[in-house]
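Asks: Sequence:
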Amino acid sequence: MDNYVVKVLQAVFITHDVKRFVVEKPEGYHFIPGQATEVSINLPEWKDELRPFTFTCLRDENHLEFIIKIYNDHKGVTAMLGRVNKGDELIIRDVWGAIQYKKPGIFIAGGAGITPFIAIFRDLYQKDQLKGNRLIYSNKTSEDVILAEELQKMLGDDFINIFTRENVTGFMGKRIDRKYLIENIADFGQHFYICGPSTFVKSISNLLIELGATADEVVFEK
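Here the sequence shown stands for residues 1 to 222, numbered as in the working numbering.
Any given hint might turn out to be false.
[To be verified] Derived DEER-like restraints, expressed as beta-carbon distance ranges: (1) Glu-210 with Asn-42: 42 to 52 Å; (2) Asn-42 with Arg-178: 42 to 52 Å; (3) Lys-127 with Gly-76: 33 to 43 Å.
Note that these hints are calculated values from the structure, not bench results. None of the values given here were measured: they were computed from a predicted structure. Glycine included, C-beta positions come from ideal geometry on N, C-alpha and C.
Let the hints inform the model, and build the full structure from the sequences given.
Replies: This is the structure:
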């Protein structure tokens, strides 16, 4: 596995606990929208602490971007990333990942699970090929939504927010369960893209297959 030391060009919080990192892009480094890499902090005590993060930038840009949820209560890698600033260094590795766009369908994301979809949506939007896709995005509260304005601009009425811990006028205050899927999806023969906590992905994948989706049409990180 190749290692690339990259300098942080920008590091800013975009929600109360989500931070955007723009870093140098190694020469000849390529990825497909939806893919990820292993990242660590270039400090002696942290450089071997690898964590997977998804690229959120367009692949033809001259930098790389990661949008990362910071868990300060864990006292681990993301908490340390919360203290990383412009001029510091990260280490990235080879590209990997199974979440790749195949054809129009429904994207279902939980929390920071939106990140693989950001690069996919940006790529399709740039090509004017986003029509026919829909995003169902579940978060605890409205304050947890990542890139809400950009997603709304790109997807319009096909951007659906669901909040599990608050009832906000104009939005769904519920969970994505069997009843919700039946009431809101007419065609289970289309493609589905799922990303979020492992229990979220497993539960929704199983429900979709029970309701008629085939395993080949349900795309998630295995």
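Asks: With reference to the structure, classify each hint as holding or not holding.
Replies: Results of checking the hints against the structure:
no.	hint	verdict
1	Glu-210 with Asn-42: 42 to 52 Å	46 Å, holds
2	Asn-42 with Arg-178: 42 to 52 Å	46 Å, holds
3	Lys-127 with Gly-76: 33 to 43 Å	37 Å, holds
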